[in-house]
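*Asks:* Assemble the whole structure, with the sequences as input and the hints as a guide.
So you can see what is in the structure, the chains are spelled out below.
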Amino acid sequence: MLEIRNLHARIVDDGTEIIRGLNLTVKAGEVAAIMGPNGSGKSTLSYILAGREDYEVTEGDILYNGQSILEMDPAERATSGIFLAFQYPMEIPGVATMEFLKVAMNEQRKARGEEPLKIPEFLKRVKEAAASLSMDMAMLKRPLNVGFSGGEKKRAEILQMKLLEPKLCVLDETDSGLDIDALKIVSDGVNALRAPDRAFLVITHYQRLLEHIVPDTVHVLYKGQVIKSGDKSLALDLEANGYAGVIGEAA
Amino acid sequence: MNMHAQPQRTPAETALIDAFGDRLSLLPGDGAVMLKRDDAIETIKHGLPTRRVESWHYTDLRRLLNTVPDFDPAAMAKAIAPIVEGSAVVSILNGKSDAKVPVLEGVTFQRLSEKLIDGSIAPGLDPYGSDDAIGALNTAFVADGYFIDIADGTKLEKPIELQNLQAGGQTHVRLPVRVGAGAKAVIVERQTGDGAALSSSVSQIVLDEGAEVTWLVVQEQPETATHLAQFKAHIGKNAKLTLFVMNAGGKLVRQEIMVRTTGEGADFKLRGINLLAGDTHTDVTMVLDHAVPHTTSTEVIRNVVTGKARGVFQGRINVHQYAQKTNAKMACNTLLLSDDGEFSTKPELEIFADDVICGHGATVTEIDHDHLFYLMARGVDEKSARGLLVKAFVAEVIEELEDEAIVEALEARLDDWFVAHG
Chain A
1 MLEIRNLHAR
11 IVDDGTEIIR
21 GLNLTVKAGE
31 VAAIMGPNGS
41 GKSTLSYILA
51 GREDYEVTEG
61 DILYNGQSIL
71 EMDPAERATS
81 GIFLAFQYPM
91 EIPGVATMEF
101 LKVAMNEQRK
111 ARGEEPLKIP
121 EFLKRVKEAA
131 ASLSMDMAML
141 KRPLNVGFSG
151 GEKKRAEILQ
161 MKLLEPKLCV
171 LDETDSGLDI
181 DALKIVSDGV
191 NALRAPDRAF
201 LVITHYQRLL
211 EHIVPDTVHV
221 LYKGQVIKSG
231 DKSLALDLEA
241 NGYAGVIGEA
251 A
Chain B
1 MNMHAQPQRT
11 PAETALIDAF
21 GDRLSLLPGD
31 GAVMLKRDDA
41 IETIKHGLPT
51 RRVESWHYTD
61 LRRLLNTVPD
71 FDPAAMAKAI
81 APIVEGSAVV
91 SILNGKSDAK
101 VPVLEGVTFQ
111 RLSEKLIDGS
121 IAPGLDPYGS
131 DDAIGALNTA
141 FVADGYFIDI
151 ADGTKLEKPI
161 ELQNLQAGGQ
171 THVRLPVRVG
181 AGAKAVIVER
191 QTGDGAALSS
201 SVSQIVLDEG
211 AEVTWLVVQE
221 QPETATHLAQ
231 FKAHIGKNAK
241 LTLFVMNAGG
251 KLVRQEIMVR
261 TTGEGADFKL
271 RGINLLAGDT
281 HTDVTMVLDH
291 AVPHTTSTEV
301 IRNVVTGKAR
311 GVFQGRINVH
321 QYAQKTNAKM
331 ACNTLLLSDD
341 GEFSTKPELE
351 IFADDVICGH
361 GATVTEIDHD
371 HLFYLMARGV
381 DEKSARGLLV
391 KAFVAEVIEE
401 LEDEAIVEAL
411 EARLDDWFVA
421 HG
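Chains A and B, in that order, give the protein sequences.
Residue numbering for the first sequence follows the working numbering, starting at 1 and increasing by one per position.
Residue numbering for the second sequence follows the working numbering, starting at 1 and increasing by one per position.
None of these hints come from the bench; they were simulated from the model.
What you are looking at is a predicted structure, and each value in this text was computed from that prediction instead of being measured.
Each hint should be verified, as a subset may be incorrect.
[To be verified] Calculated lysine to aspartate or glutamate pairs in the DMTMM-like style (CA-CA distance at most 25 Å, straight line):
no., chain 1, residue 1, chain 2, residue 2
1, B, Lys158, B, Asp416
2, A, Lys184, A, Glu152
3, B, Lys383, A, Glu76
4, A, Lys102, B, Asp368
5, A, Lys102, B, Glu402
6, A, Lys118, B, Asp368
7, A, Lys162, B, Asp416
8, A, Lys110, B, Asp416
9, B, Lys383, B, Asp340
10, A, Lys153, B, Glu400
11, A, Lys102, B, Glu400
12, A, Lys167, B, Glu402
13, A, Lys124, A, Glu165
14, B, Lys383, A, Asp73
15, B, Lys158, B, Glu85
16, B, Lys158, B, Glu408
17, A, Lys228, A, Glu3
18, A, Lys153, B, Glu396
*Replies:* In structure tokens, the structure reads:
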């Protein structure tokens, strides 16, 4: 489903190269965990997949279902089924959350040639999704993410993911800022979406999240490259011994 | 040698002075009113204000007002649907009030022409100073409008909508309103039409003790019209006034706001949105006097500038010497969406009391790229995402009004503007 080939990317503003020859393949139905120390390029990778303009790909390619996405803008990537759950979801004053959800869902439907959702059907879907994430509907009456706690923002991201039903879900440190109860709710939300035709890229710092969202593959990112890949036991090994050993091996 | 020789009159100045001579016999008013008119035209004869007059620095009226249309008695304007369904509507059609007024318990509507003829309005016709060009223009030519009295304790369920509708030519109207003690009302001032008109409109409101008023100015003149307006208010003891001004049209627009707190506990809120497009000039100038102790005010102005539009906000807060414990905050935020647009902000605080809280802030920004990325990352295309963010920027101010019917009505006006200029 996702194939990243020899990807090199830098920050547009200052030319700093962050991704330096990254290779990664994720199959449909797979949950791939990306782990790595601070500054290894994890968040940058998620932004590049979503199409953020602050980064520039200088070499290599990203294929999604066999097609390069490099020329697509963030909206086109999203409507084609790529979803990024942000590490720090943006607060957008003045944009009502419900209005935003309706616009986003209908824009995606439009791109797929489907009719816009009728209001009752839209409300039903939002209510169901919110209930499954133990979210209060009153929260959704507020402007988008404004005044939400860190945990509420993360839940709101997963709520959007549920409603938009993407095919490739990129979760950027979704566990940060969550207490144990919230972590369980969010992980259950993600697990409920696991499907043979859907892939996940779970970016995390800690093994903790992977106890709840059990990955099929684990990849260690360091200095903009995948330096080691394995199964879920690799995450346990990192938790026990830290990154130093893996980094040492690769060097 | 006269160092202050008047420069040659502009065509607009000449047209106004000639029009006054032609119109004089048709203008209603007793002796006192006619004397005020004579004084007012003298002010015009001294010349329209230029950028050298401080309060007109960003709006050089002499240069910008280059033509003045003739009066057009044949022009027809038609009443329009109110922005809030069920409102009591009074219309001024092409400068003339309608004899038919709604029947509303506790509210008296009187045609202003009657009050000009009997002279009872004369004391309120004085311009506030030598640079009060709008006041002078209006006093010279005002022919009609409505006087509205809302009796003490009257609580109005539905808004009163005052429609000032032009169909070209010149219109000069005045809307004095008294809101009695403890009364509560929402008043909508609609300023629109379809001609290349010169329109002057002066609203004067007095809030007695404990009165609560939300006043909405909805200005949607066509891009050919000149609209010169004043809103003057006195806010009495424990009275509350929320003034919402929406400018969404006009070629040359100046909306002056002059507010004075006259009783302790008075509260004033100004919320304004300026939606500026095309090759237009829009100026909102406020002078707020905190004249007694323990009064509060907040002012929030949001501007969206597109095309070659130019905008101005001047906000002056005077805190008088005895006005201790004044609390005043002012903010002016501009979203600049084109390279050719411009917005000038001039906040001024003049404080003579020593125990007060006063502050102001101004920002000019473009669309936040992080916000844009977030919306696009959810599949909203760039144009729609920009639209959502621009609308959000101004809608925030509207939503503060809380009353659902009003919020919906104003958002509908907003949507109309975005459809026309998006």
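*Asks:* Could you work out which earlier hints the structure fails to respect and list their numbers in ascending sequence?
*Replies:* Per hint list: 6, 7 and 12 violated.
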